[in-house]
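Line order of the protein sequences matches chains C and W.
Position one of the first sequence corresponds to residue 89 (the working numbering), numbered consecutively onward.
Position one of the second sequence corresponds to residue 12 (the working numbering), numbered consecutively onward.
One or more hints might be untrue.
Said to hold, decoys possible - Distance windows between CB atoms, simulated:
1. 172/C <-> 29/W: 30 to 36 Å
2. 353/C <-> 45/W: 49 to 55 Å
3. 55/W <-> 259/C: 18 to 24 Å
4. 44/W <-> 117/C: 25 to 31 Å
5. 33/W <-> 235/C: 42 to 48 Å
6. 17/W <-> 372/C: 43 to 49 Å
7. 26/W <-> 173/C: 31 to 37 Å
Read the hints as simulated data drawn from the structure, not as lab findings.
Given the structure is predicted, the values throughout are model-derived calculations rather than measurements.
All C-beta atoms in this analysis are idealised placements derived from N, C-alpha and C, irrespective of residue type, glycine included.
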Amino acid sequence: MAFVDDSKGYIATAGGARVEDYVALLKPRVMSLVVFTAIIGLLLAPGGVNPVIGVIAILCIAVGAGGSGALNMWYDADIDAVMSRTANRPIPSGRVSRGEALAVGMICSGFSVATLGLATNWVAAALLAFTIFFYAVVYTMWLKRATPQNIVIGGAAGAFPPMIGWAAVTGDVSLPSIVLFLIIFLWTPPHFWALALYKQGDYGAAGIPMLPNVAGEAATKQQILIYSGILVATSFVPNVIHMSGWLYGAIAFASGASFLYLAWKLYRSPDGLSMKKIARSLFTYSLGYLFVIFLALITDHIGQLAGWVA
Amino acid sequence: MSAPLVPLSDEELRRRRVRRNSIALGLVLGFVVLLFYVLTIVKMGPNVFTQRDL
Chain C
89 MAFVDDSKGY IATAGGARVE DYVALLKPRV MSLVVFTAII GLLLAPGGVN
139 PVIGVIAILC IAVGAGGSGA LNMWYDADID AVMSRTANRP IPSGRVSRGE
189 ALAVGMICSG FSVATLGLAT NWVAAALLAF TIFFYAVVYT MWLKRATPQN
239 IVIGGAAGAF PPMIGWAAVT GDVSLPSIVL FLIIFLWTPP HFWALALYKQ
289 GDYGAAGIPM LPNVAGEAAT KQQILIYSGI LVATSFVPNV IHMSGWLYGA
339 IAFASGASFL YLAWKLYRSP DGLSMKKIAR SLFTYSLGYL FVIFLALITD
389 HIGQLAGWVA
Chain W
12 MSAPLVPLSD EELRRRRVRR NSIALGLVLG FVVLLFYVLT IVKMGPNVFT
62 QRDL
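Next comes chain C alone, as it looks inside the complex (with noise of 0.2 Å):
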């Protein structure tokens, strides 16, 4: 059975790609993130690792998060194609082959859990291994096309990587490690539903069901708002499981309330441009929102090993 057809073109020219087209494929701005959510998963483990395995485990995570990114862009290029946003990527814009995209998601993504295997535990390679499986067979090529709710249950993919990082460290799943994967599954919703709003019409035209084209712009805000108080209520589990103290607590209620007051704007603002720019600002303030909720956790983590946070 043929999962891609490829008789709609994206053959690259031999040796027409540049390195840093493979490069792109990885989606580096999304390993980024990855990256940085790992570490700290993997600095407030209990227990500790060797700095050099640590530096080998992150460097395992964000290679297999690069494979999956080049398999979702292998599978996606015919969508790819028709959205603003993805049409410059490097098989649609006939710089690299699907052929030479599916070689080097495949690869990278073999290699990054063997190696976390041999180096870290074979626990945290499971989880990569489902990591990656998750997000390029259940998301890409099932869940993206078939229902509005893609991104609710595709974004648990985004969520495991602290998960990883906490196993490669005690090489096994606990309530702390489940709480940094919850606030990242309940943070994509309301951050990819506002992208949404305001690339509706990009998600249209490639015949992707994201919820604003299927169920309106007055649902998705409405479940913008739901998902937005889950994410805030959930933030603070950190809080009531004495995982964290009150500095990490403080810093969730200050960017939790601004993250809630831009949801229940956005809800409140009618259909039209001016909705789009709340959108688009929700959209750019979640992705700071979480970078700060992660940054205090480790802070606060640091803090109470050195005896200045209670």
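Let chain C serve as the given structure and place chain W on it in line with the hints.
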């Protein structure tokens, strides 16, 4: 006086790209070898330098 600039042919540009890609691939492979060497040493631990009765 410098020679007039001549635009590179497509074939020359292609050859340069292939050469650059080959160098990059070589560096990646070299890095992988180094990575596994370092990983092996770290996994063996400090005893590798003290254990003499092999």
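Hints versus structure:
1. The supplied range of 30 to 36 Å is met by residue 172/C and residue 29/W, whose beta-carbon atoms lie about 31 Å from each other.
2. Look at residue 353/C against residue 45/W: about 52 Å separates their beta carbons, and that is inside 49 to 55 Å.
3. For residue 55/W and residue 259/C, the Cβ-Cβ distance of about 20 Å falls inside the hinted range of 18 to 24 Å, so the restraint holds.
4. As the Cβ distance of residue 44/W to residue 117/C is approximately 29 Å, the hint placing it in 25 to 31 Å holds.
5. Range check, residue 33/W to residue 235/C: about 44 Å between beta-carbon atoms, so the 42 to 48 Å window is met.
6. Checking the proposed 43 to 49 Å range against residue 17/W and residue 372/C shows it holds: the Cβ atoms sit about 47 Å from each other.
7. Restraint check, residue 26/W to residue 173/C: a C-beta distance of roughly 33 Å satisfies the suggested window 31 to 37 Å.
In this structure, none of the earlier numbered hints is contradicted; all agree with it.
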